[in-house]
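> With the sequences and hints as input, model every part of the structure.
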Amino acid sequence: MPIDLPARTDTSERRLILAHVWVAVLAFGVAAAMAMMQAISRANLALPYRSARMYYMSVTAHGVLMALVFTTFFIMGLGYVIARKETGRIRWLGFSWGMFWLALVGVAMTGYTIFTFQASVLYTFYPPMQAHPLFYIGLTLVVVGSWGWVANMIASWRAARSQRADRPVSLAMHATAANAMLWALATIGVAAEMLFQLIPWSLGWVDRIDPMLSRMLFWYFGHPLVYFWVLPAYAIWYTLLPKEAGGKLFSEPLGRMVFALFLVLSTPVGFHHQFMDPGISANWKLFHMLNTMAVTFPSLVTAFTICASLEVAGRLRGGKGLFGWIASLPWGNPVVSSALLAMLLFLVGGFGGVVNAAYALNSVVHNTSWIHGHFHLTVGSAVALTFMGTAYWLVPRISGRQLELGLLAKIQPYFWFTGMVLFAFPTHITGLMGLPRRLFETGYNGAPQAHVWERLTSLSALGGLFLFVGALFFVMVMLGTLLAGKKTAPADIEWAESLSEPAGGYRVGIWDRLGMWWAVAVVVVLIAYAIPLWNHLQLERFGSPGFKPF
Amino acid sequence: MNVDLYERIWMWGVGIVLAGFFGTMAFATISSGMAPPSHIETIDPNPATVMTDPRVAPQGVSQDADGHVHVRMVGLTFAWLPNELTVPANTPVTFHLTSTDVVHGFEIVRTNGQTTVVPGYISQFTTTFDPGEYLIACNEYCGVGHQTMSAKLTVVPAASWTADRVAAPTPEVADAH
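So the protein lines, in turn, are chains U and L.
If you want the working numbering, it's the position in the first sequence, counting the first as 1, plus 142.
If you want the working numbering, it's the position in the second sequence, counting the first as 1, plus 7.
Treat the hints with caution; some may be incorrect.
Claimed, not checked - Here are a few chain L residues that face chain U, going by a calculated C-beta distance under 7 angstroms:
| # | residue |
| --- | --- |
| 1 | Ile37 |
| 2 | Ser39 |
| 3 | Gly40 |
| 4 | Met41 |
| 5 | Asp108 |
| 6 | Val110 |
| 7 | Val116 |
| 8 | Asn119 |
What the hints assert, rightly or not - Residues from chain L that keep clear of chain U, each with C-beta distances beyond 12 angstroms, as calculated:
| # | residue |
| --- | --- |
| 9 | Gln66 |
| 10 | Thr98 |
| 11 | Gly112 |
| 12 | Trp168 |
As the list claims (entries may be wrong) - Restraint ranges, calculated between C-beta atoms of paired labels, are given here:
| # | chain 1 | residue 1 | chain 2 | residue 2 | range |
| --- | --- | --- | --- | --- | --- |
| 13 | U | Val286 | L | Met8 | 35 to 43 angstroms |
| 14 | L | Thr59 | U | Pro687 | 14 to 22 angstroms |
| 15 | U | Ala661 | L | Leu12 | 27 to 35 angstroms |
It should be emphasised that the hints constitute simulated quantities derived from the structure, not laboratory data.
We put the CB at the ideal spot given by N, CA and C, even for glycine.
Okay, structure coming up:
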């Protein structure tokens, strides 16, 4: 229920949302430029300033800016939009601005250390490789800033719930609250790693660090991190896409189940990133694999619901026959086409993910180029492309400016899709041929085994070119709109209607009780991590001093 | 909760498929020991210790009293020690690895032989090879020379192979857990 707000508050709320979008767009632009450099470097093309040092710096910058800055700021901005729509305002506006600035100062610190070559440690920053202390402190500030957002989202969700008595909150708010709770649980791992290990060690307060403990804490955080990215994209697919495509959401109650299941199952899976690691027993790895298979379930349920919703839309638009409804979807609307193309790529990425999670198969693909092929289809397509489409829809509504350069926006998702197919499919294949990821050069001094990678690697560099053009179009549309878009009245935000809503509406059900599911998540996480961590701490651990080989 | 019939069928279907995925892998693990390398053993990563500790030194190929083939290797920025190895074909070979500096990734290209190599820990796995020449790469970013970190593995027919040396049997260290 909208509340009449003083105009100043309304402006400040819009500015807060747009500030998040600005940071996300700029981080995305810089990160895309870094990616372009890597693609050319991998294809062995001569480039001024090309050097191994520059290459690994750019890999670090690309990872941190894309995976941690672009995503987090966009997700926070989107969360504020959803909470504002739900409750009529953004709570604790001054505090939220403070948290925004805190996170931005963190980004500046981390960015400074990366671009001055003092932190080429990649976005996984495994010790005992040691970055400048400000790299770790900056990232910690980003996380602390995001905790302010978490508190805000949970408070908004609670307020919306009490406003509605026995009616559930909107699915968008439900998803956002589940994601905030997931993030609260997940960031405990990286916060512990930063505060108890990396920061004191990088400042020289302690001499040694246990790299295995760091890896366990990092991946405790690192996998739910990917769900933190994916859930907002799913929320858009459930709540915005059916409406934009001209249809209705097929089964809303299952959507509520899906987000609750993600909250429970996203975290106790981290060891599937560490299948190849020493120091963790095979049985605990097996248990994490079980959980990983379980967390695939809500994604597969989503696949059905979203396809069914799209079929409803296609048929309402006059599509006939078994597949005719697909052609009648509005492929020229970039909000829709970006989500549709993102899903097509995610289909492939998701199957690849099951291969990664498969214990024995993992030893064939671990840390090969298969892996970055995989996550460019997931976070780089399902998430990033959906967010770009969402931005085309969101920014005009919040800024009160019309979308500029609409033609570029229309073709941009297709450039991204083509680029991703050319980039990611060949890297999957070279990965199966054993090409390690993150190599400045792939030649190994002319080793015969390395020749087979050459052609496909050049092909994926061509994909990088398409992706860069797509990224450039996105940034141009955003800057054009934000800086020079024709002013109009800000439009309202509406979510998709449910196809089969019972007369009188839905009632609060078991899947709406996110507090309870959060408690279940804590228990599952304790089962998955308490014993292996306890066992680990019983070992005679020697620790390592820091190294800076970059 | 009222769920559409087709969606119900789909949910059961994917549930069964996922259970099948897990079941096959769990079965392979239990019945034929196809677990990933999960050895639990610690070591002081100080180079002076690593170069003398009999669990990982001297580096190279050896054969114990039972005839089992062992490879001891150390990863350091930016090389594998030793950088050339010859092992017998179709024979179980047990690798023992550690690092004296940062984390490395030991990967024998186009085989399933790989493990993360973490300073302070000993990685161990056993595998067999077909005859041929293999590239050993580092697949965990370890610094500015990461792309140059490699070694050569030659696999020869077992009949024409002899060990660099015969080592005293290593004391068996059971996994801590």
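> Over 12 angstroms from every CB of chain U: does Thr98 of chain L meet that, or does the non-interface label fail?
About 19 angstroms separates Thr98 of chain L from the closest Cβ of chain U, which puts it past 12 angstroms; holds.
> Is the interface hint for Val110 of chain L satisfied, with its Cβ closer than 7 angstroms to some Cβ of chain U?
Given a least distance of 5 angstroms, the restraint on Val110 of chain L holds.
> If you check the beta carbons of Thr59 of chain L and Pro687 of chain U, does the distance land in 14 to 22 angstroms?
With Cβ atoms ~19 angstroms apart, the hint holds.
> Close enough to count: is the Cβ of Ile37 of chain L nearer than 7 angstroms to one in chain U?
The hint is violated - Ile37 of chain L has no Cβ within 7 angstroms of chain U, the shortest such distance being about 9 angstroms.
> Is it the case that Trp168 of chain L keeps its Cβ farther than 12 angstroms from each residue Cβ in chain U?
holds, 21 angstroms
> Run the C-beta distances from Gly112 of chain L to all of chain U and say if the shortest one exceeds 12 angstroms.
Its Cβ does come within 12 angstroms of chain U, the nearest being 5 angstroms, so this is violated.
> Minimum Cβ distance from Met41 of chain L to chain U below 7 angstroms?
holds, 5 angstroms
> Close enough to count: is the Cβ of Asp108 of chain L nearer than 7 angstroms to one in chain U?
Hint holds; Asp108 of chain L Cβ to chain U Cβ min 5 angstroms, cut 7 angstroms.
> Is the hinted range of 35 to 43 angstroms satisfied by the C-beta distance from Val286 of chain U to Met8 of chain L?
holds, 38 angstroms
> Starting from the hint 27 to 35 angstroms, judge whether the C-beta atoms of Ala661 of chain U and Leu12 of chain L obey it.
At roughly 33 angstroms between Cβ atoms, Leu12 of chain L and Ala661 of chain U fall inside 27 to 35 angstroms, so the hint holds.
> Min Cβ distance, Gly40 of chain L to chain U: is it shorter than 7 angstroms?
violated, 9 angstroms
> Given Asn119 of chain L as an interface hint, is its Cβ closer than 7 angstroms to any Cβ of chain U?
holds, 5 angstroms
Against the hints set out earlier in the document, violations occur for numbers 1, 2, 3 and 11.
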